Amino acid sequence: MKKSIKKLMVLMLSVVMVIALAACGGGSSDGGSSGGGAGDGTSITLFNSKNEIQEDFENLAKVYEEQTGVHVEVYYSQDTVAAHLATKYASKAPYTINMVDAKDVYSLGKQYGADMSDCAWVGDTDYAITVDGKVLGFPTCIECRGILYNSAAIKAALGEDFDPASIKTLDDFKALLDKLVAAGMATPTAVLGPDWSLAAHYLQQVYEEREDPEAFVQALYKGEADLINDPKFNALMDTFDVLKEYNMFKAQGSNAEDELVHQAMSEGKDAFQFGGCWEWNDLLTYDYNGPVGIMPVPQNVQDDYTGKLVGGGSKYFYVDASEYTSEADQAAGKAFLDWLATSDEGKTFVSDTCGMVSPFKSNTVPCTNDIGKAVKEYVDAGMTVPNYDYDPDDHYSKLGIEMKKYLDSACTREELAAAIEAYWSSTTPVEH
Amino acid sequence: MTQNEKAAAAKKRNHVIMMIVLVLLFLFFIMPFLLVLINVFKDKADIVTSPLALIGAHGFTLKNFPEAMAKMDFFNVFKNSLIITITSTILTILVSAMTSFVIVRNGKWKMCSAVFALMVASMVIPFQVLMVPLVSVYGGIFGILNSRITLIFMHVGFSVSMATFMFHGAIHTNIPLELEEAALIDGCTRWQTFWKIVFPLLKPTIATVAIIDAMAFWNDYLLPSLVLTNKAIYTIPIATQQFYGTYSTDIGLVMAALVLAMLPILILYLFLQKYIVAGVTSGAVKG
Amino acid sequence: MKRNTLSYKVRQYLMFGGVGTALFCAVVIVPFIYGIYLTFTSWDGVSPHKPFVGLANYAAAFADHDYWLAMGRTVIYSVFAVVLINVLAFAMAYLVTSGVKGQNFFRAGFFIPNLIGGIVLGYVWKFVFNRAFVAIGTALAGGEQVPSLLASPKGAMFCLILASVWQYAGYMMLIYVAGFMSVSDSLKEAAMIDGCTPAQAMRNVTIPLMRSSFVQCIFLSITRCFVVYDVNLSLTKGDPYGQSIMAAMHVYNTAFTYKNYDMGQAEALILFVVCAVIGITQVMVGKKGEVEA
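Residue numbers (my numbering), protein chains in the order written: chain A, 5 to 436; chain S, 1422 to 1708; chain W, 58 to 350.
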């Protein structure tokens, strides 16, 4: 009896010791963002905020490690970018390289970012972000927003080729939708439900498609803008109403899951959806029956901004230069970005693997993305409206809620306008 | 029909009704698992179009598993969960059994009763009250978050009060003082007495504490999510949550990830079902 | 060796209880006290300075409209969930102690949801509500799409309640099973011989004797429901439009998402007080009329 107990005790204690040691060893070797991880090489972290390319990015990091011995650990978070990175800074463990939205370069990048003025890629692009004379933002791609259409689906329904140029006004658009309905496609549109699509992409156009977006936003801050009587707001919301009216997932409203919408577009079960070139990778995961293209959002009030896509440089990297990232890691971060812009692997990754439109002139690898190709044509023809990059951090999560209500018909347009005005006038203006 | 026969017939009828109710309830309880299970072997496109079909248009597939395993780094997170759960459970048992021993056997010492009272009172504190100070003390002041050891240390700290309370009851009622006195007279020290006499007699309570705590540690999300931010040391619940956030558009992978997250504990349950149910019952009734 | 000197006592205590007490203090007591201190300061989570602000955080918490809305939702959710959990658990306990075939199998089966963490359970149910139920509903409606229950605020609340009942009923059932077993058959038989119907025996003999099981189950379910977080996060994430955010999630968001650590901590303490008052009141009321078996 006693012997067996002793044995048990010895066994238990040794298990504890072994496990504690294992935990110890493991903890110290992979704890901390910049500790020596794999092998003897440098190890840095990268935050990716484009979830559709997370897997491709992880694969790219493996290629990079094979070539250079530098380990790049790729992270993604479903939280809003600014909030997630703030958490990382609060816990004193920021990522080495951070993919953020342009607005974050002016805040986080300005505060923590390394100056990349002397990097090789800078002269090769028109889209880098420079703040106070320092190059802080590395552009990942060019992205534009508009109405996606599946021309194969339209052709199958109507029996004739679809010419996006024939749709100029909302009335044209509505006439076509009615034709599609008459031809048997009961619900020719779909609406994505997430806040980033509704607020950061669609609502955002209300600020962008005008002569002086900055002045309009300042008026919103001061509570002087009159949204409900604003022609642009009403024009865009009229179009939104039409997208809503013919919505395939009307019953689900803002709760419709993204993949339902993507599958419908990809397989040609519907014909139109508001979106952009980043949706390409998602479309490809279904039984793709395209081509899918992109056209400007049709509006009944024609002005200098209708007939153009909204967008430009998108998703910027900055390298962390705060006290938590060593000089060596900063250099490794910059080297990775150089490689991404200038190496063949990097160029192929951007244009071919991910099908993004490269912001770098020297990248001649053909873009594999049908939507991206269309975007590039608009960009080359100068038919784009630039992004407005200075939204407050909580803009899309807070106003996303209001847009969802509107999509679900849980509020009127007047209430939506009032909620948007109330949000802006109660928010501290973003300095830039 | 005699009175007895009538009663027997009524009893039989009752049993049939009860059986039907039980079977329906049982179906309700396993229905979500079944739905996940029939979809995990389907292509993403089929899950979206026909979540109820047994086999989708693209046929039966196993491809969701290897992909989900690779993407959530399954073996690594499984290993992390295992290390953290086993170490925390063993440490909790050792530390709490010892603490309760000194408290029970020296109940008259003021410090013992004070500590015990504090422990009992602390059991009503919800974790939400402690999360901000924990992050601010261990992250802000000491900067030791993001390590398995910190998490283990916190797991033990949180569960020590409940476990001590349970051991306290067991020692108090089940371990005769005479045994220990005899051992002391034989020349054993207190330390030896505890390990040789008391601890082995606590086996049933040890089993109960082990089952309850191990399940709590294995499934805990909020504390690990605040402590662990480095991918390499994620546990299963955190990896699942992160996975869902990243790949929620690939529902086939999500199904596989959910099955992977549930499978280990379900397999364990298949074998240890009797002990787990008994352990939880006695723990719940005592606690 | 003197056995009643202070140093002997302290040494003895530390030898056995030192590690446990130290860990307990480091993780529970110190943060608890420090947390109370934090509510009287203004702290952004980063700065080393924590200026004293008196009761400002409590004032802010009491003025936080969204917090009280979340608290109200939590109360509604808890009332429904606690009642349903206990009714179902009691009924199941009755069924699996009635002597039908395979009762151990059923006991084991009903317990399964407890093995799985709230995060995973939430995602499983999300799939069931958003996909499976929508597919069934659409088929029943003759092909016309029906909205998911999770798409409306009331529906989301219903889903949360259903998932919680499903999660906890099996666990509470085990406690009720132990209660049923502790009531001796001879007492029930005696009641029946005295002319009670089985239903009367249940109401007048078994249930009063199981009072402590009820007190315990209700206490456990109240304290768990009041701080529900994991299922809330994975099943609804607060959607639609933040209408299913429970108190614990609101506290988390205030502190960690919006970086108002000080105010979040004050809200957490209020949640604790509300929860403790309800729980303790319930136990006191319940114990008062307890029948000794």
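If you are wondering where the hints come from, they were derived from the structure by calculation, not from laboratory data.
Treat the hints with care, as some may be off.
What the hints assert, rightly or not - In silico DSS-like cross-links for lysine-lysine, where the CA-CA straight-line distance does not exceed 27 Å:
no., chain 1, residue 1, chain 2, residue 2
1, A, Lys-96, A, Lys-138
2, W, Lys-316, S, Lys-1695
3, S, Lys-1492, A, Lys-66
4, A, Lys-66, A, Lys-351
5, A, Lys-402, W, Lys-294
6, A, Lys-172, A, Lys-312
7, A, Lys-92, W, Lys-316
8, S, Lys-1500, S, Lys-1652
9, W, Lys-245, S, Lys-1433
What the hints assert, rightly or not - Pairwise CB distance ranges (calculated):
no., chain 1, residue 1, chain 2, residue 2, range
10, W, Ala-116, S, Gly-1564, 28 to 34 Å
11, A, Ala-335, W, Ala-333, 38 to 44 Å
12, A, Ala-335, S, Lys-1484, 36 to 42 Å
13, W, Asn-261, S, Pro-1597, 38 to 44 Å
14, W, Tyr-94, S, Lys-1484, 31 to 37 Å
What the hints assert, rightly or not - These stretches of chain S come out as covered by chain A in the derived footprint (C-beta under 8 Å, 3 or more residues):
no., stretch
15, 1463-1476
16, 1562-1576
17, 1670-1683
Just so it is clear, the structure is predicted and the values come from calculations on it, not from any experiment.
We treat Cβ as the ideally placed atom computed from N, Cα and C, and that holds for glycine.
Here is how each hint holds up against the structure:
1. Proposed proximity of Lys-96 (chain A) and Lys-138 (chain A) is supported: the alpha carbons are some 24 Å apart, at most 27 Å.
2. Between the alpha carbons of Lys-316 (chain W) and Lys-1695 (chain S) the distance comes to roughly 46 Å, so the proposed pair goes past 27 Å and is violated.
3. Of the pairs offered as hints, the one joining Lys-1492 (chain S) and Lys-66 (chain A) holds, with about 14 Å between alpha carbons and a cut-off of 27 Å not exceeded.
4. Only pairs whose Cα atoms come within 27 Å are accepted, and Lys-66 (chain A) paired with Lys-351 (chain A) is accepted, the gap being roughly 16 Å.
5. Between Lys-402 (chain A) and Lys-294 (chain W) the alpha-carbon distance is near 15 Å, which keeps this suggested pair within the 27 Å criterion.
6. For the hint linking Lys-172 (chain A) to Lys-312 (chain A), the alpha-carbon distance of about 11 Å falls within 27 Å, and the restraint holds.
7. Of the pairs offered as hints, the one joining Lys-92 (chain A) and Lys-316 (chain W) holds, with about 12 Å between alpha carbons and a cut-off of 27 Å not exceeded.
8. The straight-line distance between the Cα atoms of Lys-1500 (chain S) and Lys-1652 (chain S) is roughly 13 Å, inside the 27 Å bound, and the hint therefore holds.
9. The suggested pairing of Lys-245 (chain W) with Lys-1433 (chain S) holds, with an alpha-carbon distance near 20 Å, which does not exceed 27 Å.
10. Distance hint check: the CB atoms of Ala-116 (chain W) and Gly-1564 (chain S) are about 32 Å apart, consistent with the given range 28 to 34 Å.
11. For the pair Ala-335 (chain A) and Ala-333 (chain W), the beta carbons lie near 54 Å from each other, so the given range of 38 to 44 Å is not met.
12. About 40 Å separates the C-beta atoms of Ala-335 (chain A) and Lys-1484 (chain S), a value consistent with the hinted range of 36 to 42 Å.
13. With their beta carbons about 40 Å apart, Asn-261 (chain W) and Pro-1597 (chain S) fall inside the hinted range of 38 to 44 Å.
14. Distance hint check: the CB atoms of Tyr-94 (chain W) and Lys-1484 (chain S) are about 54 Å apart, inconsistent with the given range 31 to 37 Å.
15. Counting residues of the stretch 1463-1476 of chain S whose beta carbon lies closer than 8 Å to any beta carbon of chain A gives 4, which meets the minimum of three for the stated coverage.
16. Note: the stretch 1562-1576 of chain S has 7 residues with beta-carbon separation from chain A under 8 Å; the three-residue rule is met and the coverage holds.
17. Counting residues of the stretch 1670-1683 of chain S whose beta carbon lies closer than 8 Å to any beta carbon of chain A gives 3, which meets the minimum of three for the stated coverage.
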